[in-house]
Amino acid sequence: MESEASMSLMDHAVAGMPVDSLFICDAHTHMGPYFNFLVREEGSPAAMVRMMDRLGIDASIVSPHLAIVGDYRMGNQHVYEAAEQFPGRIIPFVVVNPNYPRAEVEAEVAHWHEHGGIVAFKFHSSLHGTDCLNEGYAPAYEYANEHSLAILSHAWNGEGGAIKVVGKLAERYPNVQFVNAHSASGWPVIEASIALAESCDRVWLDLTGSRLVYRGVERMVARVGAHRILWGTDSPFIDPRPGLGRLLCAELSDDDKRSILGLNAKELYRLT
Amino acid sequence: MTDSSPALRWIDCNARVGRWSTPQPEQFTETESLLAEWDRAGIEGGLAYHASAWEWSPAEGNRMLLDEVAANERIRPCFVALPPATEELAPALEFARQVKAAGGAVRIFPKKHAWSVGEWCAGPLFDALACANVPLLVDIKEVGWDAIAGILACHPRLSLLVLETFYRIDRSVYPLMERHPNLYLEANTYGAFMGVEGICERFGAERLVFGTALPELETGGPMALVAYADVSDEDKAKIAGGNLLRLLGERE
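These protein sequences, in sequence, are chains A and B. At position 101 of the first sequence (counting the first as 1) the number is 101 in the numbering used here, and the numbers step up by one without a gap. At position 87 of the second sequence (counting the first as 1) the number is 87 in the numbering used here, and the numbers step up by one without a gap.
The shape of chain B in the complex, shown without the other chains (with noise of 0.2 Å):
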């Protein structure tokens, strides 16, 4: 560095693991790979879920997270949750306690998986997670923001990340940040000018989170929209990768 900022501890919030349907030639599929490039970036680790549990089965596809998880401990684990009444996972206040006990998270993909979040659906598992103090991952396209306001609504103690926002959304974030302070935006595709210098002075840097999205999308930009920030370099640190552990219950 030529001036004296530190150098930044930067965890991902969002990658993914495993194979999946419709690779292009220059994207990976092997974990190796995501390593290589959190490598090459200078990425500590971070969360990532299994591609078999988003396409495939939640159950199978959580089981091959561990054994990548067992295998790399610079991944993180993102389990991917079910509403509970069909009883495909442990029961959820069961399952929330292992992702406790394992250090991870929760992601949700309720269009994907043809289910509600409505609280008769969802209610007991968004319980459980906030009961056990699981953060719950969830990409703006699986949901909108009147479910987002409806689940932190019924469920104030939750903490709600939402991933793969884009630019058009502070109309909508700002009146559920200002309601709502266990709502949290990945800082990556939310792209709105000068938006992570918004919402740091809005809301505070502790609502926004580093993530890439591999390797569906580059590491370069969401880096940069959090390196060349006009905030302080405690904000900056905060956002790279801080907010993430904090969420987990790890030391920032």
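Chain A with its partners taken away, still in its complex shape (with noise of 0.2 Å):
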């Protein structure tokens, strides 16, 4: 028998042990079930901390499925009570939606600061038929540069693209950390993520994806550096097994691993 102590990151992944040596947040994960596709257990909260257990994951950052669709009120509603019931295990995103009226969600906003905190937002633009340059995102811009927030999105979708939509957003509001989320979904899109890391150094790369392709990380971190590169895994939009594996097994050195499986997350959204 070999000591978990003498075990290798890859290793652990191929023997499926959690890794508990290690501070690890899945610093992109959804909730509840999806019109889409089936999600098993509805995504529900319990089920999303059973297999953080099994993987060693010690926390979820999380903006529900309803929140990124049809409600962003009540998701927002659900996911702070999930941290309520699995404190510290899941940490809310407050998600916006710029189709509904500034007061309303200057309210939302407000309401949350009051209510249990903000950690950061997340915004899906996509989903919500729009672009990152919309008005209506204003009030949790403001927020979050008021706060020395990060806000993870989808997409830093708009006119011009996104190192001109960022440009643009890190011009206004200086004190925002911009995350762009699935910046390994394939090549071309890697290295388009790596052009918007170069661009502003304000922006961190999310790992988020489902076809993860082969050294598609290690070129990443070599581009960038894997300080500004965040692991996350859509779960329960996906399974998260692949993605820690991805990165168990990548031919990175044990303290880049550390630095994207958890401290990066823990030093952008200020987790104790």
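These are calculated hints, taken from the structure and not from any lab test. We put the CB at the ideal spot given by N, CA and C, even for glycine. The reader is advised that the hints may include incorrect statements.
As the list claims (entries may be wrong) - Selected chain B positions facing chain A (Cβ under 8 Å, derived; list incomplete):
no.	residue
1	27
2	167
3	171
4	217
5	219
6	220
Build the complex from these two chains, which are given one at a time in their own frames, with help from the hints.
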């Protein structure tokens, strides 16, 4: 028998053993059922935490599926309730939908500022049928700027493309950190994400994706550095195990893996 | 290992050898690098098709694959097939028997190779594969679920392994699995949340087969999907390698 201490991170993945010696944060997750496919156990917080325990994930930052589709306010309510049920394990993103009146969005932000606090925002401009320059997002940008928070966006879409969009926003909101979701979903996306990160030092790249190309993460680390890469899985939209295995088995140093798996998220989202 | 779980015997159902048109700098085109990556991950060996059979000529690529197999006993041949009418390959039953004798399987690319999986076109090929007990592998992007349903309805004895699926497939796959006991899924990009457990509970671990899609995709993800699954060690062993060996007619 090999002792756990002598096992590499890759050994853990191949043996299916949780990596309990590291702080691991899944920095991009969802919660609940979804219209387009089966999510087993309805993607409940309990099912998610059970999966986290199985893999050695300490914390997950969550935006419920409901929030990124039809009802952002009810979705936010659900995730704050889950965070109460699983303190320290489930951490809420606040989702805003810019298609609703500014006063309503402002009230939503103010509500969670007062009831639980806001760690970060999540935008899903694609599912909300808009782009990241929509003025309806202003209450979230302004709050994030005032409190030096990060915003995770499914895509930094808008006129001129992601580099121009983030460039404009970074100038307007100098204290905001911009997390680019799904940065590793195929080679063209990887190249575009690297270019985005190279264009602005407040861009972070999130690894969430369903098609994990051979040595894609290694290219991202070589070009951008491990210090600006965040590990996320989209769970329970997608099963978190492939994403974990991909990183544990990557040809990267253990220090880089530690940073990506949790330490970067801890710093960016000020997790305690 | 720190617990009593036995080490798994990993056999890859989905690898590729040979040079192709659009490699990235990080990807490999040499067979030695495939073997090295299998070594790094602890994968014993597996089925591979030849890139030239996919991108250039199935007949020539299959011949090149035989050279690779002769030089590397860890590689089991996955021959690329075409419908028989154009006589580009050996007659269907002869071809199927050659594949069986080589201990291999067959993969098809009907979309890329521009042919129909309808009975009027491919029926004789599927008949021959079923008759020779040769498993058929196909990437879901090459066919679609209605086509899979049609093939299995007409050829219920054919073992059909669907590769490179994704996480939104259960509403189509569950009814197909209920109807067709010879339908299998590659446990790689099938990333439905707790999807491995769902298939094992509803249909049995026999229906899932480990594969990597090397050198396109990486190895750690599909291995972790199996290794961390909340199923018995026996079921993990089936998915990791036992099921593929059984489909190929080898002892598990």
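Now the hints, each set against the structure:
1. 27: Holds, because the Cβ-Cβ distance from residue 27(B) to chain A comes to roughly 6 Å (cut-off 8 Å).
2. 167: holds, 5 Å
3. 171: holds, 6 Å
4. 217: holds, 6 Å
5. 219: Status holds, d = 6 Å.
6. 220: holds, 3 Å
Hint compliance for this structure: no hint is broken.
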